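J.: Letter by letter, the chains look like this.
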Amino acid sequence: MNARPMYLLSVMISAALACTACGKSQGGAQAEPSPAPQDHSFSTPLGQRAGTGDSPEVLSTPNPYEGSKEAAREGQQIYLAMNCTTCHAYDGSGNQGPPLNDTRWRYGGLPIQVFNSIHDGRPQGMPSWKDKLTDDQIWKLVTYVESFGGTFPASDWQHAPQGDVENENEAPEAQGQFMTPVPGTVPPPAPATKPPR
Amino acid sequence: MRVVLLSTLLLGIPALAAAGTPLGIFSDSGHDAQEISRLIALFGGVSIAVVVLIALLLASSIWHRRPADTSGGRPQRDEGGLPWIYWGVGISAVVLLICMLFNLGTIAAVARTPDDAAITVQVTAHQWWWEVEYQDPDSHKDFLSANEIHIPAGEKVRILLSSADVIHSFWVPSLAGKMDVIPGQTNVTWVQADQPGTYRGECAVFCGAEHARMEFRVVAQTPKDFEAWKVHQLEDAPQPQDATTLRGRLAFESRCAACHTLRGSSAAGMAGPDLTHLMDRSTLAAGTLPNDMGHLADWIRNPQKQKPGTGMPKVPVSEADLAAIVAYLRTTH
Amino acid sequence: MPPISPSHARDRIVVSLFPFFAVLITGLAQAAPTPSPAGASFPTPAPAPTSASIPHKSVTGATLNFAPNEPNGQWQSEAHDWANTRYSDLNQVNESNVAHLKIAWTFSNNTKYGQEAAPLVVDGTMYIVTPFPDDLYALDLTKPGNPIKWKFEANPSPMGIGKACCDVVVRGLAYADGLVIYNLLDDHTVAVSAKTGKQVWRTKMGNVQSGETMTMSPFVVKDKVYAGDSGGEMGVRGWLAALDVKTGKELWRAYATGSDKDVKLGPDFHPFYKWMQGKDLGVTSWPRDMWKHGAGASWGWVSYDPETNLIFYGTSNPGPRVPAERPGDNLWTSTIFARDADTGEAKWAYQFTPHDQWDYDGVNENLLMDLPMDGKVRKVLVHLDRNAFAYTMDRTTGEVLSAQPFAYQNWSSGIDLKTGRPVVIPKMQPKPNIALKVCPPDIGGKDWQPAAVSPRTGLVYADHFNLCMQVTDKVVGYIPSTPYDGMDMGRYPAPGGNLGAFMAWNPVTGKKVWEIPEKYMTMSGVLATAGDVVFYGTADGWFRAVDAWSGKVLWSQKLGSGIIGQPMTYLGPDGRQYIAITAGVGGASKVRIDTNLMDKVGFPAGGDTTYVFSVDGISANSSGPGMIETPGQGIKSIPGPLPPSSPPPPDYDKHKATAPPPGTRRQP
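Residue numbers (the numbering used here), protein chains in the order written: chain A, 28 to 224; chain B, 343 to 675; chain C, 427 to 1094.
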């Protein structure tokens, strides 16, 4: 019997086995990717809407699962299992709770603000999930909410509270930041972009 | 030649090894399994007989080979080959006919769900655990369990199979054949265990990362024991008797109730298994871990380490709360 | 009447004689083929339809009991009487002049949710309650411009906003003994002094954090207030309680699920049909202990029969809304109870939809009347249920005498009168994760919007839906303070394409007498009047007056927002009849609508305005010439003449309609 094909076959098999032993992206040992939300005990600048009174370095907190379809899928499972569906509708269009698929956010539409609303609860009937869900699960929910298309990217942290949209003009007097953050603590402002679908 | 010897060995070793193991397809204790293993025995026997026969014929034809060619290359006609063909086809046809009839008979015996099933159990497969619901015409006697199906020995049990997510397959080798569990439809199978005992089951269709850790058990009991078990399952978990178990129940209701049901507490979540009588089960997490205190604590502390990708998240819980929760869960007999 | 200085006294005497002459002349003119008004100062009414073409004999011969017989021209409760007739004796506005109705004055209450309550008018004051934040206004109808006398701010907790499934509405007020009583969204019942607007008592009835809210209008009978909870989609436990009117203390509470003791089923309880006979069915008809979150909330209407001293009310759907999770009949949800008004002990009950699989609550109103059926006069109640069947039931025993569909439905092939159970079509039962199209949708053939009945025509008037739903059930767990629901659903029109309709229903034959299909949903209460005109409104804002006999639309007026509230009528201090409706769309009509339906429907934006109509829009204190206030001299207004009343039909005897049949009166 010709031995060469056998050797090639066994090499291929062992190579395949070796690859599967590497950490898989899904289901593998999950690292703890969520940065624990930072301490929110900063003083509230005046004139901000409810929920946007946090300092810039908090507001610009990115979603660790930004753009991940897998995380959005898992977030959808949580959305169904935690009964979010009846209050916010199966497609996010709202019911007894406000819609999640439009750009009107009572408590802010930046990722960290949506996270806080889920984590802390809100006065008009939104329950607090911090005891029932891990931070990781809440970020996956945020990712799913982002997939409805109504949230703002974290890079929009200074534009979203001002109602700025893409393709707008800026009068010279309105340019620049209103509140000057402490140098070196915040990433430079980036143009507003929508998260990948 | 080597191939033949090798394949015989390869066939024989697993068969010999399987006899006497929990998933052994030859250790049949149920009606279905007996039918199927009879069929396996017949087909296996026929196959082995055919192989042996052919091997003998081949060996004899090699032994009695023709002498070296001295005729100068002129082909000689050899008469008398036809009878071999007649005999071969004839015997094969008869044997295959017998096999087919036997096969049809086995299918008939196994596939038809009897109308006189003593009880009906609704099994819903999840990734990666088994939800078990006992239905009763008196809806008040309806209850939920997980990963362990108790049945009365010697009686037919109808099992309704549905899936909450992807395709799984319900297989208790010692009792019956496989039945796929397909989302969007309810498949029906039935089992009957002749003797009381514990029979292991597996998910038999690849269903995701933890497919290998999706075992279940079928526990056959005498009808008397089974009735007692059912009555016990309808009871709520006992109330906490001391400070630790009370703290455990409160912590459980706060952290775990969104996904689990535990009658006797206010927990009524449906995303994960019903834990009302967790301590009555022999394993945790669908056969992943043995059910004892140490493993329970390990599981709650970090389920992702024990069964990566499982639906239960690593809920941050202080060691004190964890100990209290474990103490409370240990009362769920 | 606004104060008039003595120099106008003579004018007043002259003017006050005009109605007498008007009636005299009009009566004489009826003999002539073309009646013409006498006197140049009368507004010219439209030519009346000739009486010869309209039947004047009651179609069904129904007799109604209008106890407690509110003073003429007032509207002291949402249903106007204990029997829930919503019928007014006023007949100034009638088929001859209803086409001349115009807005006399309006009032905006500055809220942004659905407006479902009817204003009350008691002794010259109009009481208007708003949706969240549940404010209460008292308007002084005797003063020019109907100014606000006082405003009561209830200040309920905003947490209820996220717990109320179908908008944060308040379905009405109750008035008793100088108190205006209503329920707050956050599970408090409050009584406010009608004179001063100060709170007299407030009772906490439940915990809004658990998901329970209160939206129904309380119901008062003598010394008791009846109030129930909402939350059929929140896994609450349903109940109805009786409070003492003076102090607000809870006297008893009857649950909708649980042991016989909790549900107050005692030795006097005799349900007519078999499946409701047994012990502790409120526990055993549920798996395990799911009755604890089985809902059965009482968020609808209560009626009262003084002869038998029974109250009648219904309970909501069972929870969760996924029937596969709760096999069993799920008693006592989607059920009507007849309870002793004093003790709360049930006399009978009837479950309209056993093991309800489609959210067909049983909370709709029960109209009490006596109907001649099969040669005998039966004491019945008429109930148009969410499950699209109209029931005529014996209200002393709970027997179903007739049950016919009044709206398009395909979940049942009928109610089997022998067993009392609906015959469910097997493939119309939803299974988890499988989409199913079924009619009617969750809001039913008709929702809470109450019907009215007229003793003159003997017919029941109601508006209903013509909708279906596509529903996919998803298994849900109970997590406190979150919904316990599971229905993924979108609604779409049923065959016919119209989303709503207004009909006259014959409760004896179980048939529609006539029906007006409406392009958009009709979700308003109905008002019936002695002028033989009935009123209703549509979800896109049309308020209509219809001839009670023929179904001809006599008048329509487009209002600022959709109408999901209840119209009422009253006699102003100037002796004029007014009709009031608060327009502001919301409620379940805006909830969970399929997107395609939404585009077709084009619901108006919300509103908060109470519109008050009168003939030609004349109102002695809020509309017409003059009326500017001069410092030191008050307001000058020229009261206009009153429109003539329509004569009653030849064989109509008002007194016969209000008295119970002889020999049956029980002392209250």
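Just so you know, these hints were derived from the structure itself, not from any lab. Each hint should be verified, as a subset may be incorrect.
[As the list claims (entries may be wrong)] In silico BS3-like pairs for lysine-lysine, Cα to Cα no more than 25 angstroms straight-line:
#1 Lys96(A) / Lys705(C)
#2 Lys802(C) / Lys938(C)
#3 Lys157(A) / Lys498(B)
#4 Lys483(B) / Lys700(C)
#5 Lys718(C) / Lys483(B)
#6 Lys647(B) / Lys157(A)
#7 Lys572(B) / Lys705(C)
#8 Lys159(A) / Lys647(B)
#9 Lys483(B) / Lys498(B)
#10 Lys572(B) / Lys718(C)
#11 Lys656(B) / Lys96(A)
#12 Lys656(B) / Lys159(A)
#13 Lys900(C) / Lys159(A)
#14 Lys857(C) / Lys483(B)
#15 Lys483(B) / Lys705(C)
#16 Lys647(B) / Lys96(A)
#17 Lys159(A) / Lys718(C)
#18 Lys483(B) / Lys690(C)
Since we're looking at a predicted model, the values are computed, not measured.
J.: Now tell me, hint by hint, if it's right for this structure.
T.: Hints and how they fare:
1. Lys96(A) / Lys705(C): violated, 53 angstroms
2. Lys802(C) / Lys938(C): Holds: Lys802(C) and Lys938(C) sit about 22 angstroms apart, inside 25 angstroms.
3. Lys157(A) / Lys498(B): violated, 47 angstroms
4. Lys483(B) / Lys700(C): Holds, because 21 angstroms separates the two Cα atoms, which is no more than 25 angstroms.
5. Lys718(C) / Lys483(B): Status holds; Cα separation ~16 angstroms.
6. Lys647(B) / Lys157(A): Holds, at about 22 angstroms.
7. Lys572(B) / Lys705(C): Measuring from Cα to Cα gives roughly 22 angstroms; hence the hint holds.
8. Lys159(A) / Lys647(B): holds, 20 angstroms
9. Lys483(B) / Lys498(B): holds, 20 angstroms
10. Lys572(B) / Lys718(C): The given pair, whose Cα atoms are some 22 angstroms apart, holds under the 25 angstroms limit.
11. Lys656(B) / Lys96(A): holds, 21 angstroms
12. Lys656(B) / Lys159(A): Answer holds: Lys656(B) to Lys159(A) is near 11 angstroms, not above 25 angstroms.
13. Lys900(C) / Lys159(A): holds, 21 angstroms
14. Lys857(C) / Lys483(B): holds, 21 angstroms
15. Lys483(B) / Lys705(C): holds, 15 angstroms
16. Lys647(B) / Lys96(A): holds, 23 angstroms
17. Lys159(A) / Lys718(C): holds, 22 angstroms
18. Lys483(B) / Lys690(C): Answer holds: Lys483(B) to Lys690(C) is near 24 angstroms, not above 25 angstroms.
When the structure is compared with the earlier hints, violations turn up for hints 1 and 3 and for no others.
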